[in-house]
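Q: Chains as they are written, first to last, in the numbering used here: chain H, 1 to 74; chain C, 1 to 74; chain D, 1 to 147; chain L, 1 to 147.
Hints listed in this document are in silico derivations from the structure and should not be mistaken for laboratory results. There could be a bad hint or two in this list.
Using 30 Å as the maximum straight-line C-alpha spacing, the simulated DSSO-like pairs for lysine-lysine come out as follows [unchecked claim]:
#: 1; chain 1: D; residue 1: K121; chain 2: H; residue 2: K40
#: 2; chain 1: C; residue 1: K40; chain 2: L; residue 2: K121
#: 3; chain 1: C; residue 1: K40; chain 2: C; residue 2: K25
#: 4; chain 1: H; residue 1: K25; chain 2: D; residue 2: K121
#: 5; chain 1: C; residue 1: K25; chain 2: L; residue 2: K121
#: 6; chain 1: H; residue 1: K40; chain 2: H; residue 2: K25
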Amino acid sequence: MFGRLGDLAGWRERDVAADTLSGLKEILTGLDAALGSALKGVGVQAAVDRAIVRGDTVLAPDAEVAFMPPMSGG
Amino acid sequence: MFGRLGDLAGWRERDVAADTLSGLKEILTGLDAALGSALKGVGVQAAVDRAIVRGDTVLAPDAEVAFMPPMSGG
Amino acid sequence: MIRIVDHVLDPGAELTRFCANRSVTGAVTSFVGLARGEEGMPALELQAYAGFTEGAINGFVEDASRRFDLQDVHIVHRVGAIRTGEAIVLVFTAAAHRRAAMEACDYLMDHLKSRAPLWKKGADGAWIEPTARDHNDLARWNRDGEA
Amino acid sequence: MIRIVDHVLDPGAELTRFCANRSVTGAVTSFVGLARGEEGMPALELQAYAGFTEGAINGFVEDASRRFDLQDVHIVHRVGAIRTGEAIVLVFTAAAHRRAAMEACDYLMDHLKSRAPLWKKGADGAWIEPTARDHNDLARWNRDGEA
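Using the sequences and the hints, build the whole thing.
A: Structure below.
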């Protein structure tokens, strides 16, 4: 979780078991509805193993998923 | 004398008694005809006491005169 | 070439290293972005995504290298909590002639400021998004029709 | 603010000093002009006219200050015999925002390169005049009709 998503979640990293990106979002929404809603917000991107993913994708067991709000720039 | 004028003259600075800028040029031409001709060349400027002078001017006894070929820039 | 670091930067030491042992370089341009704010106070906090952020910045460097006749580029970006007056970002470019060095530095900063995967929190605790000024600066590079 | 010196320059140390103790500066741009040539060999020789040259450069700084929203400028120009890889000129500009700092640095270099009262001799012993490239660079600043 980066930027405001990390502040909203109250954590930056955690281990979650999920088979797909959409499944992961569902699990996170179940844990925290406000976070789940923010993950679907405008401009929020997901990266799987450091590559941007649009739409859904299958997750390998040790996949690293990042949720990124609009980038601030340097 | 700056740039190529100094190389041509063989000196950078010297004391010369002259009442006017044109008189100074005549004296220098008498000492060194090639230098005198170069001082009249295209783009050569004269400064008296660090101010550019176009045309002739009267020289104070302790005036500093500089002859400057086209500037190279930095 | 591209480093993301979480400690105080030393722009002078980096410039000394970047300028050393050059014989075909005529121009080195550098940009130092400093944190503005109240003296001695925390000014902002930056987050990067290790690996991902460097990859995106490397893409800007590759674009700049295609576009300008560059010999070398060095970028250091600070992350973490940054105090007023401390350097946030250093961009150094080297070229035979000054126009390429200057334009590449300008290009890289415009892209870093608006497109780098970095998340910034101001001294007031609010997360910041790129400004209209940043988007205008970036748009300058697309006026010749390049994507 | 403007210095003409006949010893080896230290761009990093100058940048460190220029960046120190700033709280309202967001952008520092610097340009370092290096002598190109054969490694370890004399590359060029520069003459200035003490007092006169600084005055002309100061005029460029005043023009730049009117034109751009600058906070500070520092220029150091080397004269005398310069070897390959050594710095010839340093230009530092400070501003709240990067566009002013960058454009002012660019403007100052264009004027220094073509209009500064300096006389330059190449490694071959021939005196050098400004290039067509320098005049083109300079002409960019007059396109808006300013003299």
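Q: All hints, please: hold or fail.
A: So, going through the hints one by one against the coordinates:
1. K121(D) - K40(H): holds (21 Å)
2. K40(C) - K121(L): holds (21 Å)
3. K40(C) - K25(C): holds (9 Å)
4. K25(H) - K121(D): holds (25 Å)
5. K25(C) - K121(L): holds (25 Å)
6. K40(H) - K25(H): holds (9 Å)
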